[in-house]
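Those letters in the sequence shown? Residues 1 to 68, per the numbering used here, in order.
Worth flagging that the hints you see were computed from the coordinates, not collected in a lab. You may find that some hints are simply not true.
Unchecked claim - Okay, derived cross-link-like pairs now, SDA-like style, lysine to any residue, Cα gap no bigger than 20 angstroms in a straight line:
1. Lys-8 with Ser-19
2. Lys-20 with Thr-10
3. Lys-8 with Leu-27
4. Lys-20 with Cys-3
5. Lys-8 with Val-25
6. Lys-8 with Ala-23
7. Lys-20 with Gln-40
8. Lys-8 with Met-31
9. Lys-8 with Cys-22
10. Lys-54 with Pro-38
11. Lys-54 with Tyr-35
12. Lys-13 with Cys-3
13. Lys-13 with Leu-27
14. Lys-13 with Ala-23
15. Lys-8 with Arg-29
16. Lys-13 with Met-1
17. Lys-20 with Met-31
18. Lys-54 with Met-31
19. Lys-20 with Cys-6
20. Lys-13 with Asp-24
21. Lys-20 with Ile-5
22. Lys-13 with Thr-32
What the hints assert, rightly or not - Restraint-style ranges between C-beta atoms, simulated for each label pair:
23. Ala-34 with Ala-12: 22 to 28 angstroms
24. Glu-47 with Phe-14: 36 to 42 angstroms
25. Asp-46 with Phe-14: 28 to 34 angstroms
26. Pro-38 with Lys-13: 26 to 32 angstroms
27. Glu-45 with Asp-24: 32 to 38 angstroms
No experiment lies behind these values; they were computed from the predicted model shown. Built from N, CA and C at the ideal position, the CB exists for glycine as well.
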Amino acid sequence: MSCPICSKETDAKFRPFCSKRCADVDLGRWMTGAYAVPSQDPDDEDELMEELEKALGEIASNTPRKTH
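All chains, please: the whole structure from these sequences, using the hints.
So this is what it looks like as C-alpha cells:
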C-alpha cells in the first residue's frame with residue numbers, strides 16, 4: 001500500500017501514511033476544507049429552512065390530532 005500523499009511505501013506506525021509529516025498534511029487538508037465529504041444537505045440556509053418547513057408540514061398533515 002502506498003501513502004496517499006506522496007506515494008511512498010506506508011509505515012505501520014502512521015498507516016495509511018508513510019510518515020507523521022504526510023499524516024499532518026492530510027489533516028491540514030481536512031481542516032482547511034480542501035477535502036470534503038459529499039452531502040445532499042442544502043448549503044443555503046434559506047433552502048434548508050424551506051425544506052424543514054415542508055417536512056414539518058408533511059408531518060403535521062399526517063398526524064391525527066388527539067381530541068379529549
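Hints and how they fare:
1. Lys-8 with Ser-19: 9 angstroms, holds
2. Lys-20 with Thr-10: 11 angstroms, holds
3. Lys-8 with Leu-27: 18 angstroms, holds
4. Lys-20 with Cys-3: 11 angstroms, holds
5. Lys-8 with Val-25: 14 angstroms, holds
6. Lys-8 with Ala-23: 13 angstroms, holds
7. Lys-20 with Gln-40: 33 angstroms, violated
8. Lys-8 with Met-31: Violated. Lys-8 to Met-31 sits at ~23 angstroms, over the 20 angstroms cutoff.
9. Lys-8 with Cys-22: OK: Lys-8 and Cys-22 at ~10 angstroms, within 20 angstroms.
10. Lys-54 with Pro-38: Status violated; Cα separation ~23 angstroms.
11. Lys-54 with Tyr-35: Not OK: Lys-54 and Tyr-35 at ~31 angstroms, beyond 20 angstroms, violated.
12. Lys-13 with Cys-3: Within the cut-off at roughly 12 angstroms; holds.
13. Lys-13 with Leu-27: Within the cut-off at roughly 16 angstroms; holds.
14. Lys-13 with Ala-23: Satisfied, since the Cα-Cα distance of roughly 11 angstroms is no more than 20 angstroms.
15. Lys-8 with Arg-29: 19 angstroms, holds
16. Lys-13 with Met-1: At roughly 14 angstroms apart (the allowed maximum being 20 angstroms), Met-1 and Lys-13 satisfy the hint.
17. Lys-20 with Met-31: It holds: about 16 angstroms lies between the C-alpha atoms, which stays within 20 angstroms.
18. Lys-54 with Met-31: 33 angstroms, violated
19. Lys-20 with Cys-6: Between Lys-20 and Cys-6 the Cα gap is close to 12 angstroms, so the pair holds against 20 angstroms.
20. Lys-13 with Asp-24: 14 angstroms, holds
21. Lys-20 with Ile-5: Holds, because 11 angstroms separates the two Cα atoms, which is no more than 20 angstroms.
22. Lys-13 with Thr-32: Answer violated: Lys-13 to Thr-32 is near 25 angstroms, above 20 angstroms.
23. Ala-34 with Ala-12: 22 to 28 angstroms: Given range 22 to 28 angstroms: holds, Cβ gap about 26 angstroms.
24. Glu-47 with Phe-14: 36 to 42 angstroms: Roughly 41 angstroms apart at Cβ, these two residues keep to the hinted range, so it holds.
25. Asp-46 with Phe-14: 28 to 34 angstroms: Since Asp-46 and Phe-14 have Cβ atoms about 43 angstroms apart, the given range 28 to 34 angstroms is violated.
26. Pro-38 with Lys-13: 26 to 32 angstroms: Distance hint for Pro-38, Lys-13 holds at roughly 30 angstroms.
27. Glu-45 with Asp-24: 32 to 38 angstroms: 33 angstroms, holds
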